[in-house]
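> Can you make the complete structure from the sequences, with help from the hints?
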Amino acid sequence: MTARALVILPILLLAARPVRAQAWVAPAGMGSISVAGQRIANTGHFIDDGGRLEVGLSTDASLYFEGEYAVTDRLSVSAGLPYVLARYTSPEPTPINFLPVDSCRCWHGGWQDFGVRARYNLIGGGFALTPSVAFGVPSHAYNYRGEAVIGRQLKEVRFGVDAGQRLDALSSRLSLQGSYSYALVERTLDVANNRSNAGVEVAVAVTRRLSARWLSSWQRTHGGLRFPQDLSTDDLITQHDRLLRDDYWHTGFGASYSLPQLDFFASYIAYARGTNSHAGRVITAGISWPFEITRANRP
Numbered sequence: 000m001t002a003r004a005l006v007i008l009p010i011l012l013l014a015a016r017p018v019r020a021q022a023w024v025a026p027a028g029m030g031s032i033s034v035a036g037q038r039i040a041n042t043g044h045f046i047d048d049g050g051r052l053e054v055g056l057s058t059d060a061s062l063y064f065e066g067e068y069a070v071t072d073r074l075s076v077s078a079g080l081p082y083v084l085a086r087y088t089s090p091e092p093t094p095i096n097f098l099p100v101d102s103c104r105c106w107h108g109g110w111q112d113f114g115v116r117a118r119y120n121l122i123g124g125g126f127a128l129t130p131s132v133a134f135g136v137p138s139h140a141y142n143y144r145g146e147a148v149i150g151r152q153l154k155e156v157r158f159g160v161d162a163g164q165r166l167d168a169l170s171s172r173l174s175l176q177g178s179y180s181y182a183l184v185e186r187t188l189d190v191a192n193n194r195s196n197a198g199v200e201v202a203v204a205v206t207r208r209l210s211a212r213w214l215s216s217w218q219r220t221h222g223g224l225r226f227p228q229d230l231s232t233d234d235l236i237t238q239h240d241r242l243l244r245d246d247y248w249h250t251g252f253g254a255s256y257s258l259p260q261l262d263f264f265a266s267y268i269a270y271a272r273g274t275n276s277h278a279g280r281v282i283t284a285g286i287s288w289p290f291e292i293t294r295a296n297r298p
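Numbering that gives the first Met the number 0 numbers the first residue of the sequence shown as 0 and each following residue consecutively.
Just to be clear, a hint being listed does not mean it is correct.
[As the list claims (entries may be wrong)] Ranges of calculated distance between the beta carbons of each label pair, as one might list FRET restraints: (1) 208 <-> 233: 54 to 64 Å; (2) 84 <-> 115: 29 to 39 Å; (3) 187 <-> 121: 28 to 38 Å; (4) 78 <-> 235: 30 to 40 Å; (5) 71 <-> 234: 45 to 55 Å; (6) 173 <-> 233: 47 to 57 Å; (7) 164 <-> 113: 27 to 37 Å; (8) 53 <-> 132: 16 to 26 Å; (9) 34 <-> 267: 42 to 52 Å; (10) 84 <-> 208: 24 to 34 Å; (11) 43 <-> 237: 37 to 47 Å.
Just so you know, these hints were derived from the structure itself, not from any lab.
What you are looking at is a predicted structure, and each value in this text was computed from that prediction instead of being measured.
Where is the CB? At the ideal position from N, CA and C, for every residue including glycine.
This is the structure in structure tokens:
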């Protein structure tokens with residue numbers, strides 16, 4: 000079910016990157032180019048009752064490229080695209096539908112889904128409130144059947160809101176953020192597959208350049224297939240990886256270090272609990288280059 004795990008790639012990158020807190024928008028003319036590497040170790044599966052099975056192991060490695068630009072002091076737009084590699088690593092076959100993409104136990108790679116996002120800051124200052132809308136579109140007709148695939152090949156629209164509060168009453172170094180989004184996902188085989196995602200983050204400025212964060216995120220799929228009881232037809236078995244009722248809780252920590260013209264960031268996320276989902280962990284690290292387009296150079 001590598002395809003389902005990779006859906007959270009942009010979300011983890013945004014959460015892991017402390018350079019730009021998502022509840023706040025940069026001043027007009029400011030932007031950045033970011034490159035992040037990520038390794039996902041899928042160490043098993045959580046089934047429908049929450050139990051864990053040590054089967055269907057796989058590894059994903061990816062590079063995510065993103066650019067963001069503040070059009071005004073309130074409006075920011077971004078676009079990104081990941082290149083993903085996936086490989087099935089279990090010594091035993093998958094529990095069902097063992098396909099050549101997995102049985103070769105070799106790397107498969109390709110560009111995954113284009114992502115575009117717009118954020119508009121309604122309230123700024125010590126408390127910030129920023130709604131957003133995002134679109135995801137497969138970059139091409141890649142394979143989505145099997146464990147070692149690069150994505151789900153499903154279009155989606157996501158509506159979200161980020162809220163942030165600087166905790167100056169406790170310490171000028173602390174801040175708290177929360178987020179919620181609802182995704183409308185392309186329907187396949189008449190199986191509803193929309194989802195809700197929520198997250199919380201506590202950040203501390205350790206020094207002027209170094210910051211650290213605790214991260215936690217949740218997902219609930221509204222519909223989807225339960226494993227194994229809903230896999231009643233050949234079509235459902237063939238496409239079950241991208242249609243499962245994937246509910247989870249992930250938690251971890253991140254850090255960043257800022258230089259005048261360069262920002263480094265990294266995070267570690269553990270798949271703490273779930274149903275119809277992966278067990279595993281995610282390591283992300285990347286670099287962000289800030290830039291500014293002065294008013295005189297803007298159209």
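> Each hint should be assessed against the structure and marked as holding or not.
Status of each hint after checking the structure:
1. The hinted window of 54 to 64 Å between residue 208 and residue 233 holds, with their beta carbons roughly 56 Å apart.
2. Range check, residue 84 to residue 115: Cβ separation about 23 Å, and the 29 to 39 Å hint is violated.
3. For residue 187 and residue 121, the Cβ-Cβ distance of about 35 Å falls inside the hinted range of 28 to 38 Å, so the restraint holds.
4. In this structure, residue 78 and residue 235 meet the distance hint of 30 to 40 Å, their C-beta atoms being roughly 34 Å apart.
5. A beta carbon spacing of about 47 Å between residue 71 and residue 234 agrees with the range 45 to 55 Å that was offered as a hint.
6. The supplied range of 47 to 57 Å is met by residue 173 and residue 233, whose beta-carbon atoms lie about 54 Å from each other.
7. Checked against the given bound of 27 to 37 Å, the beta carbons of residue 164 and residue 113, roughly 33 Å apart, stay inside it.
8. Range check, residue 53 to residue 132: about 39 Å between beta-carbon atoms, so the 16 to 26 Å window is missed.
9. As the Cβ distance of residue 34 to residue 267 is approximately 19 Å, the hint placing it in 42 to 52 Å is violated.
10. Hint check: residue 84 to residue 208, Cβ distance near 33 Å, so the stated range 24 to 34 Å holds.
11. Separation of residue 43 from residue 237 is about 22 Å and departs from the stated range, judged on CB atoms against 37 to 47 Å.
Comparing the model with each earlier hint shows violations of hints 2, 8, 9 and 11; every other hint is respected.
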